[in-house]
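Q: Listed below, chain by chain, are the residues.
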Amino acid sequence: MTESQPTENPALSAFRKKKRPRVNRDTSLSAQDTPAAESVVEESIPAPAATPTEPAAPAPKKSRTNQAKPATEVVIKAPTLPKQMDELITVGQRRNIRLEEKLDTEIEQFVRDKKLSIEILLEALYLIAKDDKTLMDKALTLAERRLQERKEAGKLRRIYAQMQKYK
Amino acid sequence: MKVICSLSLSGGQGKSTVSVLLSKYLAKAGYAVLAVDCDPQSNLTIFLKHNVEEDEPTLLELYRKQVNFDDAVYATDFPNLCIIPSDDGLDQVQDYLASSGIGALSLKKRLEPAAKTFDFVILDSPPQRSQICKSIIGAADLVLIPAECTVKGYGSLVRTLDAINELKEDGASDADIMGIIPFRDRWVGRTRTNESQMVIDALTGEVGETQILPSIRESEVFKKAISQGILLEDLGKPDLAYPFEVIIDQLQGA
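Protein chains in written order, with the working numbering: chain A, 5 to 171; chain B, 5 to 258.
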């Protein structure tokens, strides 16, 4: 292979200028579903095989490989979309929750069997208990007891760790 | 004129790398080369720095006989190298090819006028078994199959060989397999990694030693050369062009 820059084959220079027929091509994903979105030749300069037809109804989407000239695009907006978006459920920030080991396994298995997630189950349990005062009181009593137990366990572990250090 | 396709039925196997660099090295050697971007992802079009205007003919319109061959061919900035570009719109040709009855032969027919001007036509294929792929295999005289040095690359080779054999058995292709190009061949110092060696052994077992071409090494230099539109020697790495030198020697001997 030579290092020098090759010289242009004169036969290929013909492809450099060239006035070409203009086409109307839809590059959108949905164009594949509709025969009406076929690309068509709009203005045929001697192209014997070409079959001019009417341009497709939807405005063609600009080619993504065209980075030279930004052209104006017709964007069809769905007016109801922003409203629908507002109504969609949004989720808050990610939380790192830690459960009692035995319950963790049990709940994990339970939600897997029901094809749910722990977060969704927690939301549902809260929403039900919120409207049922007896159930909520029961849940809160248990929650307070469990909180005390966790605090006790934490305190004991801390004391034990300090004792180990001074041994 | 020889029509060569870079074919592999998985993504990331090196098809566009082979198409871009082989086109450029053939053009540099003085041949008139036409690169045809048969992939709607348009990597070849982008790497050869061609901007597809939305109202300009591409491979899609040529497939559909809406424009003449000459109207779909564009000169690139690289001497002796022209391109038939594509864009996302090319996806629409699948239905046309499926219903045309001669899908496997349509590209071959459309490229017949290229023989007047070009010495080599390089087809860059999409990574799926599709109607476009059928038409590429139908149009090709020679097939180069790049295969990544991974288990996926081996699987891709097997699928690609099956597709070629199927079309040959149906009489829709006369393509000969020119060779397999191991792609992203990893070396550490002077030693090839175990994974690369294992896969190359498996590729060799599939096609025989004579059909394994020199590998394309795992190197950022290839990416840089392609994205910057330059040759490997321009980045001070002429040795990495060895696989293309061997391919061109074989083509000249053919």
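Check the hints yourself; a few may be wrong.
As the list claims (entries may be wrong) - In the DSS-like style, the derived pairs of lysine-lysine whose C-alpha atoms are separated by at most 27 angstroms in a straight line are:
| hint | chain 1 | residue 1 | chain 2 | residue 2 |
| --- | --- | --- | --- | --- |
| 1 | A | Lys23 | B | Lys69 |
| 2 | A | Lys23 | B | Lys228 |
| 3 | B | Lys53 | B | Lys172 |
What the hints assert, rightly or not - Anything over 12 angstroms on all C-beta distances counts as not near chain A; from chain B, calculated:
| hint | residue |
| --- | --- |
| 4 | Ser46 |
| 5 | Leu115 |
| 6 | Glu170 |
| 7 | Glu210 |
It should be emphasised that the hints constitute simulated quantities derived from the structure, not laboratory data. Everything numeric in this text was worked out from a predicted model, so none of it was measured. Cβ coordinates follow ideal geometry from the N, Cα and C atoms, glycine included.
Q: Is it correct that the beta-carbon of B:Leu115 has no partner in chain A closer than or equal to 12 angstroms?
A: Non-interface label stands for B:Leu115: nearest chain A Cβ at 14 angstroms, farther than 12 angstroms.
Q: Holds or violated: are the alpha carbons of A:Lys23 and B:Lys69 at most 27 angstroms from each other?
A: OK: A:Lys23 and B:Lys69 at ~18 angstroms, within 27 angstroms.
Q: Far enough from chain A: is every CB of that chain over 12 angstroms from the CB of B:Ser46?
A: violated (5 angstroms)
Q: So is B:Glu210 really clear of chain A, every C-beta pair being over 12 angstroms apart?
A: holds (30 angstroms)
Q: Run the distance test for A:Lys23 versus B:Lys228: straight-line Cα separation, threshold 27 angstroms.
A: The hint is violated at about 34 angstroms.
Q: Holds or violated: B:Lys53 with B:Lys172, Cα cutoff 27 angstroms?
A: Violated, at about 35 angstroms.
Q: So B:Glu170 supposedly isn't at the interface. Is its beta-carbon more than 12 angstroms from every beta-carbon in chain A?
A: holds (25 angstroms)
Of the numbered hints listed earlier, those contradicted by the structure are 2, 3 and 4.
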